[in-house]
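Chains A and B are the protein sequences, given in the same order.
Under this note's numbering, the first residue of the first sequence is numbered 1, with each subsequent residue one higher.
Under this note's numbering, the first residue of the second sequence is numbered 1, with each subsequent residue one higher.
Just so you know, not all the hints are guaranteed correct.
[To be verified] A few chain B residues facing chain A, derived, Cβ under 7 Å:
1) Trp42
2) Glu68
3) Leu69
4) Met71
5) Ile96
6) Ile135
7) Glu154
8) Thr250
[As the list claims (entries may be wrong)] Computed cross-link-like contacts, DSBU-like style, restricted to lysine-lysine with a CA-CA straight-line distance of at most 35 Å:
9) B:Lys419 with A:Lys283
10) A:Lys34 with B:Lys419
11) A:Lys419 with B:Lys34
12) A:Lys481 with A:Lys419
13) A:Lys34 with B:Lys97
14) B:Lys419 with B:Lys283
15) B:Lys239 with B:Lys310
16) B:Lys307 with A:Lys101
17) A:Lys97 with B:Lys267
18) B:Lys267 with B:Lys253
19) B:Lys533 with B:Lys481
20) B:Lys206 with B:Lys310
21) B:Lys206 with A:Lys34
22) A:Lys307 with B:Lys101
23) B:Lys325 with B:Lys307
24) A:Lys267 with A:Lys325
25) B:Lys239 with B:Lys267
26) B:Lys34 with A:Lys206
27) A:Lys101 with B:Lys101
The hints are simulated quantities; they were obtained by calculation from the structure and are not laboratory data.
Note that the Cβ used here is the ideal one computed from N, Cα and C, for glycine as well.
Number of protein chains: 2
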Amino acid sequence: MRLSRFPIATTKETPADAEIVSHRLMLRAGLIRKLGAGLYTWMPLGLRTLRKIESIVREEMNRAGAVELLMPSIQPAELWQESGRWDVMGDEMLRIKDRHKNDFCYGPTHEEVITAIVRADVRSYRQLPINYYQIQTKFRDERRPRFGVMRAREFLMKDAYSFSTTAEDLSQQYELMREAYIRIFTRVGADFRPVQADSGNIGGAKSEEFHILALAGEDLLAVSTEGSYAANVEAAETKPTGTRAAAAATLEKVSTPGQKTCEQVSKFMKVPLTAKVKLMVAKAADGGLIGIAVRGDHEINPIKAAKHPKVASPFEMARIEDVQKAFGCEVGYLGPVNAPIPVIADFAAAEVADFVCGANEVDHHLKGVNWGRDCAEPETADLRMIVEGDPSPDGVGTIRLLRGIEGGHIFQLGQKYSKAMSLTVQGENGESITPEMGCYGIGVSRMAAAVIEQSHDANGIIWPDAIAPFRVIVTPIGTDKSPTAKQTAETLYEQLIAAGVDALLDDRGLRPGPMFADADLIGIPHRIVIGDKGLAAGQFEYKHRRADKAEMIPATLEAVLEKLG
Amino acid sequence: MRLSRFPIATTKETPADAEIVSHRLMLRAGLIRKLGAGLYTWMPLGLRTLRKIESIVREEMNRAGAVELLMPSIQPAELWQESGRWDVMGDEMLRIKDRHKNDFCYGPTHEEVITAIVRADVRSYRQLPINYYQIQTKFRDERRPRFGVMRAREFLMKDAYSFSTTAEDLSQQYELMREAYIRIFTRVGADFRPVQADSGNIGGAKSEEFHILALAGEDLLAVSTEGSYAANVEAAETKPTGTRAAAAATLEKVSTPGQKTCEQVSKFMKVPLTAKVKLMVAKAADGGLIGIAVRGDHEINPIKAAKHPKVASPFEMARIEDVQKAFGCEVGYLGPVNAPIPVIADFAAAEVADFVCGANEVDHHLKGVNWGRDCAEPETADLRMIVEGDPSPDGVGTIRLLRGIEGGHIFQLGQKYSKAMSLTVQGENGESITPEMGCYGIGVSRMAAAVIEQSHDANGIIWPDAIAPFRVIVTPIGTDKSPTAKQTAETLYEQLIAAGVDALLDDRGLRPGPMFADADLIGIPHRIVIGDKGLAAGQFEYKHRRADKAEMIPATLEAVLEKLG
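One chain only, chain A, in its complex shape (with noise of 0.2 Å):
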């Protein structure tokens, strides 16, 4: 392509709710531009990264035997009330009535029109396994759209959903599924990591995160030091160890008058915050409340929480007057001893012996306080947050976090869809089998901005090869005194695209400065500089975006081409 063909739109400024270096840099580069909240028009330059991103996960989903099909983005209602997620999707999904006041919504996921597909058109067990997919434009309405296309209200979305006879089969195309994404994240050029996670509301069992790392990730993932195990923090286990040391200490109240913090009670009365158990008080899952106990250094994880068949899901922390009702006493003093509500514990909290913890009385603690002794012996569960430091759940190492942008999701769905919407098909026996689904998503557009967060510089965006708009730039200078450089620099041009290279042009006959300057912002790998000095000398000029400097090569395609790699 030809710059002076092809509208690239490069500006300095950026506003200021563009919070993130790719929001920024996608802006400055001209690869997106802004319609309103969280709607974004991908402008020719950006659109090229993203067909490519598409043509990698539509090549590596055939590649695993995955068929793609279409579905219209707007659902009926009744598919939703079929599967019961009508009135379980909060606001995020997109609701509208058509003229005939009809329900539908701009569809933010499709387990249920592929389910009421795959109800009409299979009938028999030997036309499974199958698993669809299809690339398409999704609409969630984010309560905060922000950081660009990162968490954009619309945006260009890969899901797949597979039909299987057996639970074992859901297995393996889970397995085909999780090789295939390995291939896409890896052929895309990011840096990745497949994590544990929680399944959230679209249900099922088994479910992996595939992360890119980066700094700006909203995701917290725990990752273990010998790189054996890897989950959302949301997700990540944590275990007992099994071992509580014997009670040493009296129970003993202490005045603490306004230290209602873990921190300000273990600096006031000078223990660690290992040492201390805090009382949480949580909507119980029979309407009552419910007292969560965690170690002072640790924090409930509301996720694992909501899943204890006692506390209420989704998980909702009580009211404040409900609990100071309860308990006649302000929060900040609370504790398990003589609790007016059923405690239950986690384990890293059940295993603190002398432990300090409010003692349910305003400017009171108790310390030297034991399980089972002062209190009785809570039921335990896992509970908290994983923390870094923590012994890898797996056995092997300890826990480190890293921040991740969530760029894919694979789950094992199981039975929800195919139950609640009575999918069933024949057996090898005349039998009724209803199949064992599974779901495979990955955010397309926002995989673009996730690799420009690992990948850039001040000058800009650093493309990985397979997904630059354009591979090389080929940029003539001097062309004002000499024609010279801009025949060859034509001819290179030419033969590069003969070639099948994705090559620009920068005939814009601009100064060196802002034609390198904009080839940098807009992140083109490879760069070759053509100037009437180095033709003198039978050379270009090649700069690898990366690379600090450039370096003579002969001026030649093959050169050129080696380059390239």
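Starting from the known structure of chain A, arrange chain B on it as the hints suggest.
Below, chain B without anything else, positioned relative to chain A:
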């Protein structure tokens, strides 16, 4: 692709609401599945054709110098309020409120969005001309979605928008698109015709539609017998001959009890329909009523009539009560003599002498009526539908009527949107230029159905090679008895794939009948049958989908490739 791994779902029955052959065949061949009214899933087989059409469109748009981008499907109401179309677009535009109760629409078209983008990014005349296009899912909430993907609510469209500094350059951009469209429709394999068209609510001056000729077409086209003129009847002009016979008869009132329609009166009074003038009453631009006189054998063209300054736009017939009140007479007996409202006449009606018309008195007509003698010479205009046998408006040949399916539409919009949305760029001498816009659409998904309307037989679809889901199907027969046919078919299939041919292998091991029936129904253009008998003679059986009979060819890849052309 192997049919054992590629799901097809052919069926024998189609629902009663599938009224046209393409809708029935697309359902029977399993190309599409209905999700709701006007909402269709493109199944894997259908999607392959859709993507091939999409690729042809993209290649030709790129070749014509247009640049692809991708705008959001969801658009803020503000832009439509700026252009003045928010209140003009009827129920066909799907209006949406987001979680914050802000107004949006699912874009039925993107003039407003692209104008806003160019307004933000383009500063100088040097950046023009530019032609942006996208291939994107659109939604139009049709009152009566029908004919499958032919008139669906959600559909795939290519829309392009050009911006020029002068009207001359707009003409050039328009011409480039016109040529690209001719190439696209030709490559897709359609029998099509570009015709002059009305611009509808998109606005602008010149426009042409690209129609795929088919009996099921919803549009009527007026085409000259010499091929020199073609227009949608909505837009087809008629011209005055400039002659009228001198008045010969005397005015006479005739009793015509119960004879209300032109046909009744013509028969009763024994005069040809061409000697009758009927007076229709429409809403006038000033809010009152206006009489429109057309010849007895002609009909009002509401699109052309609405362009007359005295007629309300959009065109609307007057309410019967209002007409009867104004005339003091039942409709069916109206005429221009002593009409109590202003009357305008179509050219042809104004050229009739000694005509018959209603007497504005129940059960009575007048005969021997003459304009300028018995009533005022009327203001004349082009107000009627063109009919078969009319002289061609370009003076060459006469008109015949064809049916067409609108596959594309190109418009010279002029400054309608650039003016309304204050888009200006700086000219060569610093002056402010309001760009001239063009817009160019193709119904990508509709095109698939339209081609089927043209190209099918009793057994199913007959795809043109360029958009067939697969070009050739290799079908081994008798595989239960001998492995040779199966192995040979596998080899040929692999060779075809390696040669870049989009081949399908029917490895389902069914009886020949069902395999041939499926191949015919889904419309694969070329079929190779491989059986032991043929192989013994060193031959494959080849049949083109259009051929009556199969023929034997040498059992070699070369012979097959030669047949594929």
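Results for each hint:
no., hint, result
1, Trp42, "4 Å, holds"
2, Glu68, "6 Å, holds"
3, Leu69, "5 Å, holds"
4, Met71, "5 Å, holds"
5, Ile96, "5 Å, holds"
6, Ile135, "11 Å, violated"
7, Glu154, "5 Å, holds"
8, Thr250, "56 Å, violated"
9, B:Lys419 with A:Lys283, "59 Å, violated"
10, A:Lys34 with B:Lys419, "22 Å, holds"
11, A:Lys419 with B:Lys34, "22 Å, holds"
12, A:Lys481 with A:Lys419, "75 Å, violated"
13, A:Lys34 with B:Lys97, "19 Å, holds"
14, B:Lys419 with B:Lys283, "30 Å, holds"
15, B:Lys239 with B:Lys310, "20 Å, holds"
16, B:Lys307 with A:Lys101, "34 Å, holds"
17, A:Lys97 with B:Lys267, "52 Å, violated"
18, B:Lys267 with B:Lys253, "17 Å, holds"
19, B:Lys533 with B:Lys481, "12 Å, holds"
20, B:Lys206 with B:Lys310, "23 Å, holds"
21, B:Lys206 with A:Lys34, "32 Å, holds"
22, A:Lys307 with B:Lys101, "34 Å, holds"
23, B:Lys325 with B:Lys307, "26 Å, holds"
24, A:Lys267 with A:Lys325, "29 Å, holds"
25, B:Lys239 with B:Lys267, "28 Å, holds"
26, B:Lys34 with A:Lys206, "32 Å, holds"
27, A:Lys101 with B:Lys101, "17 Å, holds"
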